[in-house]
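Visitor: Chains as they are written, first to last, in the numbering used here: chain A, 1 to 293; chain B, 1001 to 1337.
Just so you know, these hints were derived from the structure itself, not from any lab. Every value quoted in this text rests on a predicted model; they were computed, and no experiment measured them. One should not assume that every hint holds.
Stated by the list, open to error - Pairwise CB distance ranges, derived in the manner of DEER restraints:
| # | chain 1 | residue 1 | chain 2 | residue 2 | range |
| --- | --- | --- | --- | --- | --- |
| 1 | A | 215 | B | 1326 | 41 to 47 angstroms |
| 2 | B | 1131 | A | 178 | 35 to 41 angstroms |
| 3 | A | 116 | B | 1066 | 42 to 48 angstroms |
| 4 | A | 290 | B | 1260 | 55 to 61 angstroms |
| 5 | B | 1145 | A | 34 | 31 to 37 angstroms |
| 6 | B | 1069 | A | 34 | 24 to 30 angstroms |
| 7 | A | 240 | B | 1083 | 48 to 54 angstroms |
| 8 | A | 225 | B | 1131 | 26 to 32 angstroms |
| 9 | A | 237 | B | 1025 | 32 to 38 angstroms |
| 10 | A | 240 | B | 1079 | 26 to 32 angstroms |
| 11 | A | 215 | B | 1069 | 32 to 38 angstroms |
Unchecked claim - Going by beta-carbon spacing under 7 angstroms, a handful of chain B positions derived as facing chain A:
| # | residue |
| --- | --- |
| 12 | 1078 |
| 13 | 1090 |
| 14 | 1098 |
| 15 | 1113 |
| 16 | 1114 |
| 17 | 1141 |
| 18 | 1291 |
| 19 | 1294 |
| 20 | 1310 |
| 21 | 1314 |
| 22 | 1316 |
| 23 | 1320 |
Unchecked claim - Okay, derived cross-link-like pairs now, EDC-like style, lysine to aspartate or glutamate, Cα gap no bigger than 20 angstroms in a straight line:
| # | chain 1 | residue 1 | chain 2 | residue 2 |
| --- | --- | --- | --- | --- |
| 24 | B | 1303 | B | 1230 |
| 25 | B | 1151 | B | 1093 |
| 26 | A | 289 | B | 1093 |
| 27 | B | 1141 | B | 1165 |
| 28 | A | 289 | B | 1209 |
| 29 | B | 1151 | B | 1140 |
Virtual Cβ for every residue (Gly too), placed ideally from N, Cα, C.
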Amino acid sequence: MSSSDSGATPVRSGLTERRNRRSVGLGFFASELAVLFRRRRTWAMLLALAAVPILIAVAVRISSSGSSGRGPAFIDSITQNGLFVGVAGLTIAIPLFLPLTVGVVSGDSIAGEANTATLRYLLVSPVGRIRLLVVKYLAAAVFCLAATLTLSIAGILIGIALFPVGPVTLLSGDTVSIGDSLVRSLLIALYATVSLLGLSAIGLFISTLTDAPVGAMAATVVLSIVAQVLDSLSQTEWLHPWLFSHYWLNFADLLRQPIEWSSFGQNALLQLGYVFVFGALAYGRFSSKDILS
Amino acid sequence: MTTAVIASPSELAIKTDGLTKRFGRQTVVDDLALSVPRGSVFGFLGPNGSGKTTTIRMLLGLAQASAGDISVLGERMPQRLGGVLPRVGALIEGPGFYPFLSGSANLHRLDSADGFAPRGTRSERVAHALDRVGLSHAADKKVRAYSLGMKQRLGIANALLAPRDLIVLDEPTNGLDPQGTREVRSLIRSLADEGTTVFVSSHLLAEIEQMCTHAAVMRAGRLVAQGTLDELRSAGATRVSITTPDVEAATRVLLALGLDPGLPDATGPVAASVAGAASAGQPGTILSAALPEAVAPEDIVAKLVADGVRVRGFSVDHASLEDLFVALTGEGFDVVQ
Ligand SMILES: Nc1ncnc2c1ncn2[C@@H]1O[C@H](COP(=O)(O)OP(=O)(O)O)[C@@H](O)[C@H]1O
Ligand SMILES: [Mg+2]
Chain A
1 MSSSDSGATP VRSGLTERRN RRSVGLGFFA SELAVLFRRR RTWAMLLALA AVPILIAVAV
61 RISSSGSSGR GPAFIDSITQ NGLFVGVAGL TIAIPLFLPL TVGVVSGDSI AGEANTATLR
121 YLLVSPVGRI RLLVVKYLAA AVFCLAATLT LSIAGILIGI ALFPVGPVTL LSGDTVSIGD
181 SLVRSLLIAL YATVSLLGLS AIGLFISTLT DAPVGAMAAT VVLSIVAQVL DSLSQTEWLH
241 PWLFSHYWLN FADLLRQPIE WSSFGQNALL QLGYVFVFGA LAYGRFSSKD ILS
Chain B
1001 MTTAVIASPS ELAIKTDGLT KRFGRQTVVD DLALSVPRGS VFGFLGPNGS GKTTTIRMLL
1061 GLAQASAGDI SVLGERMPQR LGGVLPRVGA LIEGPGFYPF LSGSANLHRL DSADGFAPRG
1121 TRSERVAHAL DRVGLSHAAD KKVRAYSLGM KQRLGIANAL LAPRDLIVLD EPTNGLDPQG
1181 TREVRSLIRS LADEGTTVFV SSHLLAEIEQ MCTHAAVMRA GRLVAQGTLD ELRSAGATRV
1241 SITTPDVEAA TRVLLALGLD PGLPDATGPV AASVAGAASA GQPGTILSAA LPEAVAPEDI
1301 VAKLVADGVR VRGFSVDHAS LEDLFVALTG EGFDVVQ
């Protein structure tokens, strides 16, 4: 760019220029992330998630001197090693808190735009309906990552603050260094992120069905609960491997030496299937939908 | 009633053929043939619920037509939507913004959605658009804190973010005070001076009459008139009114001259009012008739006087657009259904 004080170029001339090729949409993706992370609601959800491991750690610290032997295994182990607090927090948050926040973000994706009437303006910009769906989905995925990382990191920090920290004894009995165990904590956060990708796609699809964001959010969250209930019933055993929540808590394999990747792979494959199916449904619904909001 | 606009397709900014939209069993837009010449300020007039917004949604590819063809800026819609819409700015059924973002941030966001809008000039274009609608002072205020009129202005600013060939404004003066309405009118005029075609819908005739070169009138989903304002005006007949106590003699004279007193009078048959309406408090009845082109008004007066009719008042009135629109849309501008 030339310096602005060169009076020779008329100020407005640049304004009439138009790109002759369409940009890929990174700018719009960045804008989508900015909108997402500029909302107070997003930060409130991330803070609430960060509070989960903090509450656990504080409660355990106050109440226990010496293990009770009851409660989930991870809760017991955090008194011995603070590095476990992050994993314990994730374990607690995966069934309800994480699906709740993911339901809010993905359920809001299209219906929220319809509700603020910004959808029609995005579409006549024109954003392109497919591009909008893809960007919305990617933003929801980024939120999943932000949510699980927030939880893990808050857990690790509060663990370091309240409990002794040292080399971690894995499920396989091996002991790994602090650095190695931090890497594994992040891997588990990544596992939880991948776990939520299917639900995000379902939320995106539901969001294309309505102009009422709250309805789409609620429906997405309810579905996540229904899936987990079905997963716990022996009568629906044939269905279990197909439920998107089936592998949600199977990240223990990442705590073995060497790391057992098969459940990670199975989970990723299943989630990918959900992304394709519900992505296609969302596209089918949204590409021809009358925007009358 | 429809006056055809004669122009080749390439001279038309918008052209529709048999455009129809049904919601269930209700036909909301019915067999619409719009012709919007390039460079015109085109008023799209109709009562609330007559199908204006639905038509605009179809023009912009937001809703699918149940039947019919659309071309915008010479390209088929919605097939060529990606190429057409960057050249079109629009305000559709009120503005829509993120309440938690500032006015300027909202425009940045919408501009980033347009893949053809250059990023380098974005800030400058946003500032320029805000300036044009008089919102520079509120650029950094959250839209949540905007008044309805400010949101409406911001909506118009969004339509002006990039150089456009066509600007579609759906009821742009809704929620604006008289000052704002005047500003929008002058803004539309300046856009037209730059060569932009402006398609503006309204349920207010006065608004259209003051700023448009062309107009189309909708009634319950159907197009009932279309053309330049002059064409529309001439479609309404010139009328003569005679105030006289000699109603029968006057009627005879008028019939002999080929006029048809009574029929076109909206308020009823031959006698309209029996008070001293016209001349100096003297009683008389007002007779009204459409004036054929072949008859000169002075001949009517001469003939009336010759036949001994006491003429106490005489006037020639050109039908206002308002008369025409009330006639076209029947109930005037009340809500349909
Ligand atoms: N989503 C919809 N479903 C059913 N009917 C609708 C819908 N949107 C609009 N209508 C009907 O279409 C008609 C025209 O509406 P609209 O185009 O908004 O009129 P205008 O903009 O001229 O006021 C109205 O009778 C309205 O009730
Ligand atoms: Mg309308």
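Visitor: So, for every hint listed, does it hold in this structure?
Guide: Going down the list of hints, with the structure as the test:
The beta-carbon spacing between residue 215 of chain A and residue 1326 of chain B, approximately 44 angstroms, falls within the hinted interval of 41 to 47 angstroms. The hinted window of 35 to 41 angstroms between residue 1131 of chain B and residue 178 of chain A is violated, with their beta carbons roughly 57 angstroms apart. Between residue 116 of chain A and residue 1066 of chain B the CB atoms are about 28 angstroms apart, so this pair departs from the stated range of 42 to 48 angstroms. Remark: the range hint 55 to 61 angstroms for residue 290 of chain A to residue 1260 of chain B is contradicted by a beta-carbon distance near 48 angstroms.
Separation of residue 1145 of chain B from residue 34 of chain A is about 20 angstroms and departs from the stated range, judged on CB atoms against 31 to 37 angstroms. Between residue 1069 of chain B and residue 34 of chain A, the C-beta spacing of about 40 angstroms breaks the proposed range 24 to 30 angstroms. Distance hint check: the CB atoms of residue 240 of chain A and residue 1083 of chain B are about 49 angstroms apart, consistent with the given range 48 to 54 angstroms. Taking the beta carbon of each, residue 225 of chain A and residue 1131 of chain B are about 51 angstroms apart, not inside 26 to 32 angstroms as hinted.
Between residue 237 of chain A and residue 1025 of chain B the Cβ separation comes to about 48 angstroms, which falls outside the hinted range of 32 to 38 angstroms. Taken as a hint, the range 26 to 32 angstroms is violated for the pair residue 240 of chain A and residue 1079 of chain B, whose Cβ atoms sit roughly 46 angstroms apart. Between residue 215 of chain A and residue 1069 of chain B the CB atoms are about 36 angstroms apart, so this pair conforms to the stated range of 32 to 38 angstroms. A hinted interface residue such as residue 1078 of chain B counts as satisfied when its beta carbon comes closer than 7 angstroms to some beta carbon of chain A; here the least separation is about 10 angstroms, so the hint is violated.
For residue 1090 of chain B, the interface hint holds, the least distance from its beta-carbon to any beta-carbon of chain A being 5 angstroms, beneath 7 angstroms. Because the beta carbon of residue 1098 of chain B sits about 6 angstroms from the nearest beta carbon in chain A, less than 7 angstroms, this interface hint is met. About 4 angstroms separates the beta-carbon of residue 1113 of chain B from the nearest beta-carbon of chain A, less than 7 angstroms, and the hint is met. Satisfaction of the interface hint for residue 1114 of chain B is found here, the shortest Cβ-Cβ separation to chain A being roughly 4 angstroms, below the 7 angstroms cut-off.
Evaluation of the residue 1141 of chain B hint against chain A yields a violated restraint, the C-beta minimum of about 15 angstroms exceeding 7 angstroms. Taking 7 angstroms as the C-beta cut-off, the interface hint given for residue 1291 of chain B is violated, the closest approach to chain A being about 47 angstroms. Hint on residue 1294 of chain B is violated. Least Cβ distance to chain A is approximately 51 angstroms, over the 7 angstroms limit. The restraint placing residue 1310 of chain B at the interface with chain A is violated, with a minimum CB-CB distance near 62 angstroms, outside the 7 angstroms limit.
Residue-level restraint check for residue 1314 of chain B is violated (minimum Cβ-Cβ distance to chain A is 54 angstroms; threshold 7 angstroms). For residue 1316 of chain B, the interface hint is violated, the least distance from its beta-carbon to any beta-carbon of chain A being 48 angstroms, above 7 angstroms. At a threshold of 7 angstroms, the smallest CB-CB gap from residue 1320 of chain B to chain A is about 35 angstroms, leaving the interface hint violated. Simply put, residue 1303 of chain B and residue 1230 of chain B have alpha-carbon atoms about 32 angstroms apart, too far for the 20 angstroms limit, and the pair is violated.
Restraint check for residue 1151 of chain B and residue 1093 of chain B: satisfied, since their Cα atoms lie roughly 12 angstroms apart, inside the 20 angstroms limit. For the suggested pair residue 289 of chain A and residue 1093 of chain B, the alpha carbons sit about 18 angstroms apart, so the restraint of at most 20 angstroms is met. Under the criterion of a C-alpha separation no larger than 20 angstroms, the hint pairing residue 1141 of chain B with residue 1165 of chain B is inconsistent with the structure, at around 30 angstroms. Note on residue 289 of chain A and residue 1209 of chain B: the hinted pairing is violated, with a Cα-Cα distance of about 36 angstroms set against a maximum of 20 angstroms.
A hinted pair counts as satisfied when its Cα atoms are at most 20 angstroms apart, and residue 1151 of chain B with residue 1140 of chain B qualifies at roughly 13 angstroms.
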